[in-house]
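With these hints in hand, go ahead and build the complete structure from the sequences.
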Amino acid sequence: MDAFTTHTGRAVPLRRSNVDTDQIIPAVWLKQVSRTGFEKGLFSAWREDPSFILNNPAYQGASILLSGPDFGTGSSREHAVWALQQYGFRVVIAARFGDIFRNNSTKMGLLPVILPAEVVERLQAAAEADPTVEITVDLAEREVRLGSESWSFEIDDYTRWRLMEGLDDIGLTLRHADDVAVYENGRQPWLPTTV
Amino acid sequence: MGRTLAEKVWEQHVVRRADGEPDLLYIDLHLIHEVTSPQAFDGLRMAGRKVRRPDLTIATEDHNVPTVLGPISDPVSRTQVETLRKNAAEFGIRLHPMGDAGQGVVHIIGPQFGLTQPGMTIVCGDSHTSTHGAFGGIAFGIGTSEVEHVLATQTLPAYRPKTMAIEVKGELPVGVTAKDLILAIIAKIGTGGGQGYIVEYRGEAIRKLSMEGRMTVCNMSIEAGARAGMIAPDETTFAYLKGRPHAPSGDAWDAAVEYWKSLRTDDDAVFDKVVEIDASTLTPFVTWGTNPGQGAPLGSAVPSPEEFADPIERSAAERALEYMGLTAGTPLNEIPVDTVFVGSCTNGRLEDLRAAADILRGRKVVTRTLIVPGSMQVKKAAEEEGLDQVFKDAGAEWREAGCSMCLGMNPDTLKPGERSASTSNRNFEGRQGKGGRTHLVSPQVAAATAVTGKLTAPAALA
Ligand code: SF4
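Chain order of the listed sequences is A and B. Here the first sequence stands for residues 1 to 195, where the numbers follow my numbering. Here the second sequence stands for residues 1 to 462, where the numbers follow my numbering.
Worth flagging that the hints you see were computed from the coordinates, not collected in a lab. Please note: incorrect hints may appear among the correct ones.
[Claimed, not checked] Covered by chain A, per the in silico footprint, the following chain B stretches (three or more residues, Cβ under 8 Å):
1. 72-83
2. 234-242
[Claimed, not checked] Calculated cross-link-like contacts (lysine to aspartate or glutamate; reagent style DMTMM-like; alpha-carbon spacing at most 25 Å):
3. B:K162 to B:E204
4. B:K273 to A:D49
5. B:K434 to A:D49
6. B:K392 to B:D100
7. B:K50 to A:D169
8. A:K40 to B:D74
9. B:K162 to A:D49
10. A:K40 to B:E334
11. B:K50 to A:E184
12. B:K8 to A:D179
13. B:K8 to A:D156
14. B:K8 to A:D178
15. B:K364 to B:E322
16. B:K454 to B:E258
17. B:K208 to B:D19
18. B:K162 to B:D234
19. B:K434 to A:D178
20. B:K242 to B:E258
21. B:K50 to A:D168
22. B:K188 to B:E334
23. B:K8 to B:D19
24. B:K242 to B:D19
25. B:K8 to A:E184
26. B:K162 to A:D169
27. B:K261 to A:E184
28. B:K380 to B:D393
29. B:K162 to A:D157
30. B:K415 to A:E154
31. B:K50 to A:E121
32. B:K188 to A:D169
33. B:K273 to A:E154
C-beta atoms are modelled at their ideal positions from N, C-alpha and C, and glycine is treated no differently.
Written out as C-alpha cells, the structure reads:
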C-alpha cells in the first residue's frame, strides 16, 4: 500500500447519491482474477452517456472525487476501490460512505473523507465553476483545504497512522500470532470445523 | 449494566485489545466464493503465507455458475471458477464445485450444513454475509484485502460497531412475509440508516419467524447500510440446527445449547439507537426505484419526486423514475413485468419455493419465470416434494442452483429495458444486467406477478 500523507489535486463533482458499488464497477468486470485493469470498468455503464461528468475533458486527470451521500454502498467488492485507484483517484469525499467500501479503501490507501453535505456541496460548486481549481487533502492535519477555506475531518488515529505509514495490516497482525494461538486454545469445544 | 447480544458475541472473540487500536477479532468461520478470493490467494502466494485454519474455511462456486446443466461457456467466468479450484486444492480448503450435492449460494450452504451456529463470528467476501446473523452470531461482509487477512491469520482488526435495536411490535398479518418486513424497514430507515451499526432485530414478529424468514431479514441488513444484522437464538434456532451435519451432538449439543441460551440482550442493556416498527400494519411491499430504500406498499402508487422534502432524495427519485421508465402516480399493481425471478440468498430456500409453488399450483405463468433453488440440497428437497413439477406445469423454468439473476455475472440476465419482479436484494441500476429494471418483491408477490404479468399481491388473484 502506498503511504498517504497529503494530496493536492483537481476534483470531479459527481452529483449523485447512493453511488453503489454496482455502479462504481458493474458485475461483469469482476470476473478477472488479476488485480489490474479495473480502470476500464470504473462507472462503465454511466460512462456510456457522453454527458457523464467523467467524460468531460475538463476533468481529465482529476484525482479527487466529490460525491453525494452514501458513496460505495452495496456489494463488498474491493474491485470498486481498485477501479477508482487505477483510474487515478486518491481521495473520495462524501457525507456518508458504505461501511465495507470505507474499510476496503483504507486497506488499499484510497482515502475516504467524510465531510458534511453542505461542505461537499461547496466543494462541488467550486469544481464546477472552475475545473482547474485544486483541493488539498491533508491527512496529517485531518484537513481539507480550498483556497483560503479549510474544513477538518475525522478519522481514527490508528487508521490514519497506518495510511500515513503505508502499513500492511497482515504484517501488523502477524506480530500478535502468539495471542491468536492462546485464544485458539480456549475456544469452545463444540465449535464446528469444515472437515 | 447489562450487555447487548452483539456486545456479548464480540467480547467473546476479542483476541487482543490495546488502547488506540481496533480489537483483533477471532473469526470462527470463513466462507469463500470464486469472485472475491483470487486476488487474496495471490497475495498469500506472493508473501509466502499459508492459510492458518483451512479447517475453519469452506468454499463454493455460485456467482458465475450457469443454472442450466453444462460447462461454463464464458471463458473469463470459467477461468475464475477454475482459479478457485486450484486455490482450494493448493491451500487445502474444502470446496463444493458445480454439480456437487453440497454446492449452492454461499449464504445458503453455511446454515444448511449446520456450520452457521449461534454466537459465532462469520465472514465472507460478500456483503450478504449478514444472513448468518439470523442464528445469533456476528456475520459481516469483507473486501478482498480482508479475505487475505482472514486466510493468513484467522482474525480481523475491527472496531466494534454501534448497536441498534429494531423492535418489530405486533404480528405480521396473514400474507405478509419476512421480505415485506425487511423492505418496509429499509424504506423507513433508509439505505444509510444502519451505517456503523450492528442491528439486532427483536420483538414478537421476529420471534414468530421461521429460520428461513429470519435469514431473509438479516440478509438485507446491508441494504439498510448496517454492518451486520442478528437475531437472538431460541428454540426455533435450536430445532433448525439439531441433527445437521456440523451441529454438535450428544453432550456437546447440551453444552452448546446451554451457552446459546445465554446469547440474548440483557434486560438492562442499552442500545445506541432504537427503531420501532409495527408489523401489524404492514402489507406486501415492493420497490419502485433503484435503491432498496425506494419502496412502497404494493397497494400504493409510484411516488412523485416532489413528495420528497430532502433535495438529494428528490433528485435520486427523479433519476430513479427515469431509469425505471415509470411515471409518478401509476398504481404499483399496474406495472407490467417481463421476467420473474425467484431465488438468491434472500429468498432461495425451501420455504420460499414452497410459498411460490402454493401460488403457482394449478395456474399458468404469463412471463418468463425463473425458479432457482439456492443450493443443490434445496433443489433436491424441492423435487422430493414435487415442487419442480408444480413450477414446470405452470410454465416456469426450474433451474440448477446458483446466484443466477440476482446479479449480472452469469448467463441469467435482463436485457436493456426489461423489467423484473425479483426476490433478490438489490434493485441497483444494471444489477440484473445492463439497462435492466428491477422491482424487489417477496416470493409470494413474485409468483402472483408471474400469473398476471403485472406486480400483483397474492390476495388479488382470483
Ligand atoms: S444470491 Fe445474489 S446477493 Fe446472494 S451471494 Fe449471490 S449474488 Fe450475492
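Against the structure, the hints:
1. 72-83: holds (count 6)
2. 234-242: With 0 residues in contact (Cβ-Cβ under 8 Å with chain A), the coverage given for the stretch 234-242 of chain B is violated.
3. B:K162 to B:E204: Since the Cα atoms of K162 of chain B and E204 of chain B sit roughly 23 Å apart, the hinted pair holds (cutoff 25 Å).
4. B:K273 to A:D49: Violated, because 41 Å separates the two Cα atoms, which is more than 25 Å.
5. B:K434 to A:D49: holds (13 Å)
6. B:K392 to B:D100: Holds, because 23 Å separates the two Cα atoms, which is no more than 25 Å.
7. B:K50 to A:D169: holds (16 Å)
8. A:K40 to B:D74: holds (19 Å)
9. B:K162 to A:D49: It is violated: about 40 Å lies between the C-alpha atoms, which goes past 25 Å.
10. A:K40 to B:E334: Roughly 39 Å between the alpha carbons, so the hint for K40 of chain A and E334 of chain B is violated.
11. B:K50 to A:E184: holds (17 Å)
12. B:K8 to A:D179: Within the cut-off at roughly 20 Å; holds.
13. B:K8 to A:D156: holds (24 Å)
14. B:K8 to A:D178: holds (24 Å)
15. B:K364 to B:E322: violated (32 Å)
16. B:K454 to B:E258: violated (49 Å)
17. B:K208 to B:D19: It is violated: about 42 Å lies between the C-alpha atoms, which goes past 25 Å.
18. B:K162 to B:D234: The hint holds at about 24 Å.
19. B:K434 to A:D178: Violated, at roughly 49 Å.
20. B:K242 to B:E258: Answer holds: K242 of chain B to E258 of chain B is near 14 Å, not above 25 Å.
21. B:K50 to A:D168: holds (17 Å)
22. B:K188 to B:E334: OK: K188 of chain B and E334 of chain B at ~24 Å, within 25 Å.
23. B:K8 to B:D19: Holds: K8 of chain B and D19 of chain B sit about 20 Å apart, inside 25 Å.
24. B:K242 to B:D19: Violated: K242 of chain B and D19 of chain B sit about 41 Å apart, past 25 Å.
25. B:K8 to A:E184: holds (18 Å)
26. B:K162 to A:D169: It holds: about 23 Å lies between the C-alpha atoms, which stays within 25 Å.
27. B:K261 to A:E184: holds (23 Å)
28. B:K380 to B:D393: At roughly 18 Å apart (the allowed maximum being 25 Å), D393 of chain B and K380 of chain B satisfy the hint.
29. B:K162 to A:D157: Status holds; Cα separation ~18 Å.
30. B:K415 to A:E154: violated (43 Å)
31. B:K50 to A:E121: Violated, at roughly 47 Å.
32. B:K188 to A:D169: violated (37 Å)
33. B:K273 to A:E154: holds (21 Å)
Checked against the numbered hints above, the structure breaks hints 2, 4, 9, 10, 15, 16, 17, 19, 24, 30, 31 and 32 and satisfies the rest.
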